[in-house]
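Given the sequences, and given the hints that come with them, work out the whole structure.
Protein chains: 2
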Amino acid sequence: MKKIERVAIVGGTHGNELTGIYLVKKFERSPNLIQRPSFETLTLLANPKAYEIGKRYVDTDLNRCFLRQDLENSSLSSYEAQRAKEIYGKFGSGGSHQADLVVDLHSSTANMELTIILASKQPFNLQLAAYLTSFHSKVKVLYSTTRNQGTPHLDSICEFGCTVEVGAVAQGVLDATLFQQTEELVQAILDYTEAYNQGTPPPVRDTLTVYHSIQTIDYPRNEFGEIQAMIHPQLQFRDYEALHPGDLMFLTFDGQAIAYEGEATVYPVFINEAAYYEKGVAMCLTEKQEVTI
Amino acid sequence: MKKIERVAIVGGTHGNELTGIYLVKKFERSPNLIQRPSFETLTLLANPKAYEIGKRYVDTDLNRCFLRQDLENSSLSSYEAQRAKEIYGKFGSGGSHQADLVVDLHSSTANMELTIILASKQPFNLQLAAYLTSFHSKVKVLYSTTRNQGTPHLDSICEFGCTVEVGAVAQGVLDATLFQQTEELVQAILDYTEAYNQGTPPPVRDTLTVYHSIQTIDYPRNEFGEIQAMIHPQLQFRDYEALHPGDLMFLTFDGQAIAYEGEATVYPVFINEAAYYEKGVAMCLTEKQEVTI
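Chains as they are written, first to last, in this note's numbering: chain C, 1 to 293; chain A, 1 to 293.
Read the hints as simulated data drawn from the structure, not as lab findings. Please note that the accuracy of each hint is not assured.
Pairs count within a copy or across copies, as identical chains cannot be separated in the list.
Using 20 Å as the maximum straight-line C-alpha spacing, the simulated EDC-like pairs for lysine to aspartate or glutamate come out as follows [what the hints assert, rightly or not]:
#1 Lys25 / Glu226
#2 Lys25 / Glu287
#3 Lys121 / Asp254
#4 Lys26 / Asp254
#5 Lys288 / Glu261
#6 Lys49 / Asp59
#7 Lys55 / Glu278
#8 Lys121 / Asp100
#9 Lys2 / Glu290
#10 Lys138 / Glu159
#11 Lys90 / Glu290
#12 Lys279 / Glu72
#13 Lys90 / Glu159
Right under this line is the structure:
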């Protein structure tokens with residue numbers, strides 16, 4: 001078993017997601033909170049310029065800048081491309097402070113509760129996620145096979161890693177309850193890692209419910225790309241709940257309901273995430289699976 | 001009695017408040033929805049550049065650009081200062097399309113429900129507000145004597161006017177329920193105005209509950225201006241509810257609760273509005289008053 005020697009806790013990959021930013025600031029004021037005997041914990045405010053201007057990003061979404069060939073491409077000069085190289089050069093493989101585990105703290109305007117997005121189904125990641133689900137009833141585990149194809153996220157730079165995605169909370173807003181729950185999650189991750197290093201990881205159930213991303217759904221749009229409908233009130237804030245064929249999905253501005261036309265029951269997440277309007281994503285559909293650990 | 005000859009419905013004074021923007025777009029596609037026999041209704045997307053970049057404003061808050069001396073000051077050249085002059089030159093006194101009534105559509109991350117913010121306590125405004133409170137149980141009426149001193153808002157450019165402030169909804173997000181309720185409010189305003197012009201305004205109760213803004217409260221901050229606490233979970237989303245001396249107001253990042261130390265019961269609004277962090281406003285305190293119409 002490989003020991004975890006360094007953990008990186010990252011906030012502010014998106015500059016308007018305040019929960020992670022203020023949590024990193026807190027940990028930087030009180031580093032003792034994240035120290036553990038068997039490994040080092042470092043923190044990072046990933047996109048300080050975006051935080052300064054109160055936006056998700058300056059030039060481009062930092063969390064889509066971690067494709068290996070982009071990190072090696074010296075011609076990419078956007079602010080976020082450069083930050084990605086700096087972050088990889090610090091925490092990535094062969095970096096100045098190579099980390100074994102990265103925890104990237106995000107928030108969402110969707111009702112994601114306390115979501116752990118796994119970068120891979122490595123046994124450590126799965127066991128950690130299983131531990132966290134036992135720790136708090138609002139913890140959900142999300143996994144996407146497509147996540148690391150095409151546009152890998154920040155949490156892909158280390159062998160182990162996860163993204164913490166909490167919500168619903170508006171961009172540019174601190175929700176005290178979510179702040180405290182996110183802090184408890186980070187503490188639980190560090191406690192689990194310490195026990196793992198000591199060879200005494202806490203026992204977890206041998207199956208885990210994982211929501212597996214299978215498809216994104218865009219808003220209905222006209223020929224100019226303008227959206228023609230909103231998330232239906234019956235679906236708003238219903239992330240992780242079953243959506244059956246025929247259930248209502250969108251409501252046009254003229255009041256016409258549009259139903260989900262798929263053939264199978266799915267579990268939508270990231271419903272009405274503000275940052276995804278420009279990405280052509282009204283929600284992500286997932287399948288609910290029981291995974292053996 | 002002066003007849004109302006032209007009404008201006010304005011959306012997108014803040015570029016990331018989508019409810020008003022998409023409602024104005026809808027009315028521009030279907031102008032028959034806002035036509036009435038006795039007056040003309042015009043629409044305006046007030047800050048199209050801010051909407052394009054998904055931000056509240058480009059250079060400065062457009063809704064603080066309507067001071068008369070600023071409108072006459074040719075040296076002010078920010079995008080919003082210029083837009084304010086254009087808007088005043090169109091709908092303002094002596095403008096190309098001078099309006100008698102302006103309805104400015106906003107949204108908030110605070111739980112403002114369906115708030116009507118009055119620009120003045122003119123009898124028409126009060127009677128309209130009283131009608132709207134009878135129309136929908138979520139309608140609240142907010143008034144601030146300080147609103148038109150210093151930094152008058154867009155709705156100050158006409159004799160009659162109000163700001164519609166709906167929430168809670170995140171910036172950059174459409175909430176279908178709030179969209180429909182806002183549209184119903186606009187229709188009710190137009191219907192009331194038509195009846196008023198016909199000399200048959202619907203009867204309203206002779207008293208009206210008005211929340212009167214008396215003070216703003218900032219977040220606790222350190223010597224660098226950084227906030228030190230969040231809205232307390234017991235206060236989050238409790239806009240328009242009574243806050244008594246000793247009730248909890250803030251929670252520091254270290255988990256210390258901070259109580260409201262005033263001497264009188266107040267009714268906070270704009271609690272945890274994202275756009276007000278930079279303005280030094282965690283909430284506005286109001287007094288609840290019964291006003292005779």
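Problem - Violated constraints from the hint list, given by number and in increasing order - result: Of the numbered hints, 2, 3, 9, 10, 11 and 12 do not hold.
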